Structures are given as C-alpha cells and as structure tokens.
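Please model the entire structure based on the sequences and the hints provided.
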Amino acid sequence: MTIANQNQKPTAAQTIPGANVPKLPIYLDYQATTPCDPRVVEVMLPYFTEKFGNPHSRNHQYGWDAEAGVEKARAQIASLIKADEKEIIFTSGATESNNLAIKGVAHFYKEKKNHIITTVTEHKCVLDSCRHLELEGFEVTYLPVQQNGLIDLDVLRKAITPKTAIVSIMAVNNEIGVIQPLAEIGKICRENHVFFHTDAAQAVGKIAIDVDAMNIDLLSISGHKIYGPKGIGALYVRRKPRVRLEALIHGGGQERGFRSGTLPTPLCVGLGEACAIAEREMGAEAVRLKKLSDRLYKGITDKLEEVYLNGDAEHRIPGNLNISFAHVEGEGLMMGIKDLCVSSGSACTSASLEPSYVLRALGVEVEMAHTSLRLGIGRFTTEQEVDYAVEHLVQAVLRLREMSPLWEMAQAGIDIKSIQWAEH
Amino acid sequence: MYSEKVVDHYENPRNVGGFGKEEAGVGTGLVGAPACGDVMKLQIKVGADGRIEDARFKTFGCGSAIASSSLATEWVKGKTLDEAETIKNTEIAQFLSLPPVKIHCSVLAEDAIKAAIKDYREKTGSADKAAE
Numbered sequence: 001m002t003i004a005n006q007n008q009k010p011t012a013a014q015t016i017p018g019a020n021v022p023k024l025p026i027y028l029d030y031q032a033t034t035p036c037d038p039r040v041v042e043v044m045l046p047y048f049t050e051k052f053g054n055p056h057s058r059n060h061q062y063g064w065d066a067e068a069g070v071e072k073a074r075a076q077i078a079s080l081i082k083a084d085e086k087e088i089i090f091t092s093g094a095t096e097s098n099n100l101a102i103k104g105v106a107h108f109y110k111e112k113k114n115h116i117i118t119t120v121t122e123h124k125c126v127l128d129s130c131r132h133l134e135l136e137g138f139e140v141t142y143l144p145v146q147q148n149g150l151i152d153l154d155v156l157r158k159a160i161t162p163k164t165a166i167v168s169i170m171a172v173n174n175e176i177g178v179i180q181p182l183a184e185i186g187k188i189c190r191e192n193h194v195f196f197h198t199d200a201a202q203a204v205g206k207i208a209i210d211v212d213a214m215n216i217d218l219l220s221i222s223g224h225k226i227y228g229p230k231g232i233g234a235l236y237v238r239r240k241p242r243v244r245l246e247a248l249i250h251g252g253g254q255e256r257g258f259r260s261g262t263l264p265t266p267l268c269v270g271l272g273e274a275c276a277i278a279e280r281e282m283g284a285e286a287v288r289l290k291k292l293s294d295r296l297y298k299g300i301t302d303k304l305e306e307v308y309l310n311g312d313a314e315h316r317i318p319g320n321l322n323i324s325f326a327h328v329e330g331e332g333l334m335m336g337i338k339d340l341c342v343s344s345g346s347a348c349t350s351a352s353l354e355p356s357y358v359l360r361a362l363g364v365e366v367e368m369a370h371t372s373l374r375l376g377i378g379r380f381t382t383e384q385e386v387d388y389a390v391e392h393l394v395q396a397v398l399r400l401r402e403m404s405p406l407w408e409m410a411q412a413g414i415d416i417k418s419i420q421w422a423e424h
Numbered sequence: 001m002y003s004e005k006v007v008d009h010y011e012n013p014r015n016v017g018g019f020g021k022e023e024a025g026v027g028t029g030l031v032g033a034p035a036c037g038d039v040m041k042l043q044i045k046v047g048a049d050g051r052i053e054d055a056r057f058k059t060f061g062c063g064s065a066i067a068s069s070s071l072a073t074e075w076v077k078g079k080t081l082d083e084a085e086t087i088k089n090t091e092i093a094q095f096l097s098l099p100p101v102k103i104h105c106s107v108l109a110e111d112a113i114k115a116a117i118k119d120y121r122e123k124t125g126s127a128d129k130a131a132e
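From first to last, the protein sequence lines are chains Y and U. Under the working numbering, the residue at position 337 of the first sequence is numbered 337, and the numbers go up by one with no gaps. Under the working numbering, the residue at position 24 of the second sequence is numbered 24, and the numbers go up by one with no gaps.
There could be a bad hint or two in this list.
As the list claims (entries may be wrong) - Here are some, though not all, of the chain U residues that point toward chain Y, as calculated from beta-carbon distances under 8 Å:
| no. | residue |
| --- | --- |
| 1 | Tyr10 |
| 2 | Val31 |
| 3 | Ala33 |
| 4 | Pro34 |
| 5 | Asp38 |
| 6 | Phe60 |
| 7 | Gly61 |
| 8 | Cys62 |
| 9 | Gly63 |
| 10 | Ile66 |
| 11 | Ile103 |
| 12 | Thr124 |
| 13 | Gly125 |
To be verified - Subject to a maximum C-alpha distance of 27 Å in a straight line, what follows is the list of computed DSSO-like cross-link-like pairs (lysine-lysine):
| no. | chain 1 | residue 1 | chain 2 | residue 2 |
| --- | --- | --- | --- | --- |
| 14 | U | Lys118 | Y | Lys417 |
| 15 | U | Lys88 | Y | Lys417 |
| 16 | Y | Lys338 | U | Lys88 |
| 17 | U | Lys45 | U | Lys88 |
| 18 | U | Lys21 | Y | Lys417 |
| 19 | U | Lys5 | Y | Lys417 |
| 20 | Y | Lys338 | Y | Lys51 |
Just so you know, the hints here were simulated from the structure itself, not pulled from any lab data. Note that the structure is predicted; figures quoted are calculated from it, not measured. For every residue, glycine included, the Cβ atom is placed at its ideal position computed from N, Cα and C.
Structure representation (structure tokens):
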C-alpha cells in the first residue's frame, strides 16, 4: 500500500521544479469539502478488504473485527465533542443528521409542542427540513441575524414559547465562517426546557466543542468537512436529559433504532480517525490557519481598496474569508482566477440569478453580494499557495475594475444608486 | 464550460474604455443593473459619413457578458446606424456559443447597441430620427 508512505502533507512537496509556483490549480474551497487526510485513508483500507465483515454480525470474527472498528470510531467522535460514545449515531452526512434531528424531535414531541426556531442563515438542509415541517402544520420562526452574521440572543429569548420543541442554530456558517454564541444559546434553551440542536458540520474539529458545557442536546457532524471521507456523518443525541427522536429510516433497528441500515465500516472508521486527528492537532492547526488567513487578507487589502470582509471579524473560524470586491462581478472574477478554486457569493453560476441568501441576510446589498468570493483555506494550504492566490486575485480585480463601468462611476464620484437602472 | 470565443474575448477584450466627454459624434448606452449582476456601457463614435468609425465598452458582469459586449463593439464598427440596429442578440449568442443561462448577456449587448444609437440620435437630432 503506497498510501502508507504518504504521511507528508500532499501539496507541500508538489511544486514545479525551478519555479516558485505551487501545484495548480490551488484548492481554496475548504468549506465545500476537504481532501481526505492520507492518515485517514490508511486506517480505512483494511476495512474494505480483510476486515470487511458486517459490524452487526454477532457470531464470528469478521463481524467482531468490524464492530470493534466502528465502536472505536464512535468513541473517537464522542471524545472530540466531550460526549459519551453511546450518544453518537452514524448517518450518511450532516444533511441526514440535520433532517433526523429536526424532523425527529418535531415528530416525536408533536402532541405537546409544535414550534421550531431556526435562523435565516442556516444551511439549505435545515431550512428545507423546516419548510417541510411547516407544510405538515408545524410553526417555524426564522430568526434574523445581525450585520455581523450573529444572532441577537434577546431576539432568541423572545421567540421561545411554551410550544417550542427545538432550537436549531448552526455553530459555524458555511458561507461566512462566523461562530454563533453556542454556550449562551445552550443556556437559554436549557433554562426554557427547549432542545438545542446545532449543525456543527463546519465547526467540529475547528473550534473546541463541549456538548455538556454548551448545553447542546443534538449536534450534526460531517465526515468530508473534517478531512474524513464523504458519505458519512454523525448525530450526537443527548441521553441525560434524554432526547427522543422519531426515526427517518426504518429497518433492522441499528443505531439504537434511530437509524437502521448496515453501517459502512470503512467510512465510520475514517470519520473516527479524522476526529482523533482533529482532537490532537486542532489547537496548532488553528494557529497556523490564522496566520495564513491573516496573510491572505492583508495581502489583498494592502493592494486593493474597496474590499469588504463579510461576517464578524472576530467571531469566525480562521479557515474562511468571505470578501466583497466592490464593482467586480464574482463570476467574472472567478473566470480570471482559473488557477484558484474558490466559491462565489454571486449565484450566477447556478441556475438562479439570485445572489447568496446568507449575504443578503446580513444586509449586504444585492449589488455587493454579486461581487463576493469565499476563500477557504485548510490543513494542506501552504504559505506559497496563499502568496500566489493574493498575487493573481489582485491582478484580476485590478484588470476587471479597469473594465467595469461601475468602478469608473465610483472613481468619478457618481453614486450608482442615483441612477435609474432597468432591472432585468 | 465557456466556449473558446468567450474565453478569447474575456482574456483579450476588444475596445475596452470610453471616449472623452468633449469628443463629437459619440452616443452612449448604459444598460443592465448592478443588482442583477451585469451592467454594460457601450459607446459608438459616428463619423462624418454616418458610419460608426469606432466603439468602446466597459462591462460589470460574468465572462459571457464581457465577451458579448466586446464582440458587439467589433461588429458595430464600419456599419451605419441602421445597419448596426439590425444586430440581433441571437447572432451574438450563436457566435459565442452561449449556453441558455447566458442568453441574457447577449440580450443586454443588443440593448446596449440600441441604447447607444438612440442616445446619439437624441443628441444630434439627426435626420434619421424620423425613421424611428
């Protein structure tokens, strides 16, 4: 197995000889997904071949080996969020975890409670689960966020009613990287006897999470956001005080009846290892990423004016920078930086022409939202890649501003809002 | 995802810029909206013979929008106003092989040409205004 020798970080060594150019294209989209850490792949491999047993087979060695792998992984996941291993349920990913948490709680407690609270900046799978429950007759409150992307705790407090079953607020936003005040939210929920679910797909392994200290009752985890494999996730479900759920997937009663189906042993093992690595390296990694992200942001803002950071500058993970480059359209900009794999806040790339609903929720104007890029850095990003990205991004913005009628107007002191635009 | 012609016009845009305020025979079209993610400014300069002798553009938008307006400046050059007015968005879209979601970029380019011609005619009060 050659993979066993690749403990080295994959991108660092792969530079073009003789040139100060990193391997292209450069991946700067770590919030979309992360590469599987080679150390994760290494521990997964035996479970595809020699340890292929069904972890639910109780009668022979193959089953026991697979089960041991799965249970070790469960403990590794629990340890990262300071939970008990019995409180971890494997799922196919954070989308399923979020669906199970919200629909599961809503359905189980529907005789007594029919109200759900969430925020307008949640991931689509949370918003869409809530929309679905509204169709079933549940009431949903969508909390606004402040200009910095964070919720107002007083607004949350006032939204809770005796009918509220669950509050679902994401830990870290996938587009703008801001960290919600989890401990404060948890305290409010506990005081009001309301379950607190958090979609922590972007948070686990990046910020310290303690489900007890933060009074979190349900927490969603994704494998592929934390250098683990795609197709696996987990849901933490508190046992004391006990949270009950109605299952979405019925069958053999695996995962305490919450989620039937044979567990994908290699993926479970991979998620466990990804969590174990994160637990060991999270602190040092955060420091390194903060340095890189500061370098990236400073590099851009030193050379460009009218550049705006979206989302709170302090309460954010270091791996995310969401930036508006005024007067330059995001998709046009992405075309100019083909060697940089980033994501655009302008949704012109997709079928809908609406810009990001998250940026809009922050009060970012539509025209400004069209100029936004999400730059995501992570475990394998190098300083050399950051420097290359800064140089090329700055060049592209300068070139496109020279071609932009809006930039020209802004330079001439014309307020673009004073013009009667024909919206099409 | 982008055709070669779009990439070519995006990377080597033709006729970027604008004409000075004092220059005679200039018509300016400004179409689109910042909130929709694309704005085009297209200018024509009409010579004594009534033909468009030069054109310029500036565009805020995606690669297809930039390419559509760049191409439009090439196509209007040497044409009379009446000839330039007959340029259809479908021709621009076809030439650049724009996918369906980008057809609006070519529509905007056609609008920009028409707006520039209209502006020129209004400014000069030229005889062919009657033709409208």
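The hints, checked one at a time:
1. The interface hint given for U/Tyr10 holds, since its Cβ lies 6 Å from the closest Cβ of chain Y, which is under the 8 Å cut-off.
2. Evaluation of the U/Val31 hint against chain Y yields a held restraint, the C-beta minimum of about 7 Å falling below 8 Å.
3. At a threshold of 8 Å, the smallest CB-CB gap from U/Ala33 to chain Y is about 4 Å, leaving the interface hint in force.
4. Checking U/Pro34 against chain Y by beta carbon gives a least distance of about 4 Å; that is within 8 Å, so the hint holds.
5. Among the interface hints, the one on U/Asp38 holds; its C-beta lies about 7 Å from the nearest C-beta in chain Y, closer than the 8 Å criterion.
6. Interface hint status for U/Phe60: upheld, as the beta-carbon distance to the closest one in chain Y is roughly 5 Å, under 8 Å.
7. Satisfaction of the interface hint for U/Gly61 is found here, the shortest Cβ-Cβ separation to chain Y being roughly 5 Å, below the 8 Å cut-off.
8. The beta carbon of U/Cys62 comes within 4 Å of a beta carbon in chain Y, closer than 8 Å, and the hint placing it at the interface holds.
9. Of the supplied interface hints, the one on U/Gly63 holds, with its beta-carbon coming within about 4 Å of a beta-carbon of chain Y, less than 8 Å.
10. At a threshold of 8 Å, the smallest CB-CB gap from U/Ile66 to chain Y is about 6 Å, leaving the interface hint in force.
11. Hint status for U/Ile103: violated, given a least beta-carbon distance of 12 Å to chain Y, over 8 Å.
12. The restraint placing U/Thr124 at the interface with chain Y is violated, with a minimum CB-CB distance near 23 Å, outside the 8 Å limit.
13. Look at U/Gly125: its Cβ only gets to about 23 Å from chain Y, farther than 8 Å, so that hint breaks.
14. Using a Cα cut-off of 27 Å, the hinted pair U/Lys118 and Y/Lys417 holds, with the two alpha carbons roughly 23 Å apart.
15. Among the hinted pairs, U/Lys88 with Y/Lys417 is inconsistent with the structure: their alpha-carbon atoms are about 30 Å apart, more than 27 Å.
16. Our distance criterion of 27 Å between C-alpha atoms is broken by Y/Lys338 and U/Lys88, whose separation comes to about 31 Å.
17. The hinted pair formed by U/Lys45 and U/Lys88 meets the criterion: a straight-line CA distance of about 20 Å does not exceed 27 Å.
18. For a cut-off of 27 Å, the pair hint linking U/Lys21 to Y/Lys417 stands: about 22 Å separates their Cα positions.
19. At most 27 Å may separate the alpha-carbon atoms for a hinted pair to count; U/Lys5 and Y/Lys417 exceed this at roughly 33 Å.
20. Straight-line distance between C-alpha atoms of Y/Lys338 and Y/Lys51 comes to about 42 Å, which puts the hinted pair past the 27 Å bound.
Consistency note: the structure conflicts with the earlier hints numbered 11, 12, 13, 15, 16, 19, 20.
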